[in-house]
Amino acid sequence: MKLSARSCLFCSWTLLFSLLVTRTTSFLFDKNGNRTMEIFDIDLDLPPVDRWKGVMTQRKHSFRHIIDWIVETEIPKDILAQITAVLEGLKDFWPSFDYREELKGVAEVTGISPELVLLLNVHYELRAGCTSIVARSQDGTVWHGRNLDYDIPHLQDLAIHVKFFRRGEFLYEGTTYAGYIGLLTGMKPKAFSLSMDARVTGKQRWELLLELLISKGKAAAYPFLFRDVFEQIDSYDRALQVLQNAPMLAPAYAIIAGAEQGQGAVVTRDMNAAVDTWTTSEKEWFLVETNDDHWKPPDDTRRNAAIQNMKRYNPETIGSDSLMDVMNQYPTLNSMTTFTTVMSAGNDEYRSILQNLNQNGGDNHFDKTKSLRAAEQYKEAVIVE
Numbered sequence: 100m101k102l103s104a105r106s107c108l109f110c111s112w113t114l115l116f117s118l119l120v121t122r123t124t125s126f127l128f129d130k131n132g133n134r135t136m137e138i139f140d141i142d143l144d145l146p147p148v149d150r151w152k153g154v155m156t157q158r159k160h161s162f163r164h165i166i167d168w169i170v171e172t173e174i175p176k177d178i179l180a181q182i183t184a185v186l187e188g189l190k191d192f193w194p195s196f197d198y199r200e201e202l203k204g205v206a207e208v209t210g211i212s213p214e215l216v217l218l219l220n221v222h223y224e225l226r227a228g229c230t231s232i233v234a235r236s237q238d239g240t241v242w243h244g245r246n247l248d249y250d251i252p253h254l255q256d257l258a259i260h261v262k263f264f265r266r267g268e269f270l271y272e273g274t275t276y277a278g279y280i281g282l283l284t285g286m287k288p289k290a291f292s293l294s295m296d297a298r299v300t301g302k303q304r305w306e307l308l309l310e311l312l313i314s315k316g317k318a319a320a321y322p323f324l325f326r327d328v329f330e331q332i333d334s335y336d337r338a339l340q341v342l343q344n345a346p347m348l349a350p351a352y353a354i355i356a357g358a359e360q361g362q363g364a365v366v367t368r369d370m371n372a373a374v375d376t377w378t379t380s381e382k383e384w385f386l387v388e389t390n391d392d393h394w395k396p397p398d399d400t401r402r403n404a405a406i407q408n409m410k411r412y413n414p415e416t417i418g419s420d421s422l423m424d425v426m427n428q429y430p431t432l433n434s435m436t437t438f439t440t441v442m443s444a445g446n447d448e449y450r451s452i453l454q455n456l457n458q459n460g461g462d463n464h465f466d467k468t469k470s471l472r473a474a475e476q477y478k479e480a481v482i483v484e
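Residue numbers (the working numbering): 100 to 484.
Be a bit skeptical, because a hint or two may be false.
[To be verified] Distance ranges between label pairs, derived from CB positions: (1) D149 x K289: 25 to 35 angstroms; (2) V170 x K190: 29 to 39 angstroms; (3) D191 x T378: 35 to 45 angstroms; (4) V170 x T378: 15 to 25 angstroms; (5) H160 x Q237: 46 to 56 angstroms.
[Unchecked claim] Calculated pairs, DSSO-like style, for lysine-lysine (alpha carbon to alpha carbon, straight line, at most 30 angstroms): (6) K317 x K130; (7) K152 x K317; (8) K262 x K203; (9) K130 x K176; (10) K289 x K410; (11) K190 x K176; (12) K382 x K289; (13) K382 x K317; (14) K262 x K130; (15) K410 x K382; (16) K410 x K262; (17) K317 x K176; (18) K190 x K159; (19) K317 x K203; (20) K176 x K203; (21) K382 x K130; (22) K176 x K159; (23) K395 x K410; (24) K176 x K262; (25) K395 x K382; (26) K190 x K130.
Source of the hints: derived by calculation from the structure; they are not laboratory data. Ideal placement from N, C-alpha and C gives every residue a C-beta, glycine not left out.
Can you make the complete structure from the sequences, with help from the hints?
What follows is the structure in structure tokens.
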């Protein structure tokens, strides 16, 4: 059978399209069918203003959309000018020079004012909900799971996996959002991993932001502090001390997992110092932190459900896949979850997947039945401490 020239051309284009789709699909999904995210290398030897320009050139339209949504939906219009004035007053001394220059680079590419770019970079610690779990396995490996929950529509479009290099040497990595130059989830191989969960205190988030003016930039924001810790500190013990004592912009939970047996902690912070440090032990081989003080009853079902799901495993069976399973169970995984990360500094393993995506890549399509084991088991899980 002979094919016409038009048919051959069609077949050629079909084959090319098939190859392109196959290549794209293998890049976007892992072996378990989970949607992964694009990896970007951040060269710390570049001038700070240029470090994120490659990322932002690709994601600038999504970033503008998110900024517009925050300004229109999240910030009361009567205080937007006041917040902008606060950030304007801090621009010459907070955050540190390198971070100011990196924010400037993001602003240049996107056309967004540096003040609004900085606002996005401190926005998370003023709101949102998360789950972090630290667990030790029988062989001494410490595992760290993290779900980042945020109810901003289409935030998944900005989610990226970043790796930081200096003089060609890989230093640390994390999961973040394009335009968000700090880290709230990350790992330094053979040293430690970090995540941060917001802590509700009763203060309005915009009140906390305005307290920056009173502190005159003396307090650190977690996304910048985490990068400083990754770049400047190599030991778990020293990193834990910094998390306990550095003056901070907002109350929060700083979760750290080390590379050696017994190195796992949840640090409950107010703005001045730690109010509690909760560590793994022989009795408590795992810790679950959501957005409540662990010694108080939780305000929602996520903590108890995660505890119950962790009890299906033990130090002999916990690992990368089993912890990922726990992180993917409702309500730990919920309609606001944007990504899930499982990491182990000791094993040099880092896995991060996107959540709540439909077939077209959109978000807010959470299907409770997909990750629920059974309605009765869930009912039991939320009442068992």
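TODO: Starting from the hint list further up, note which numbers the structure goes against and sort them upward.
DONE: The structure breaks hints 2, 4, 6, 9, 13, 16, 21, 24 and 26; every other hint is satisfied.
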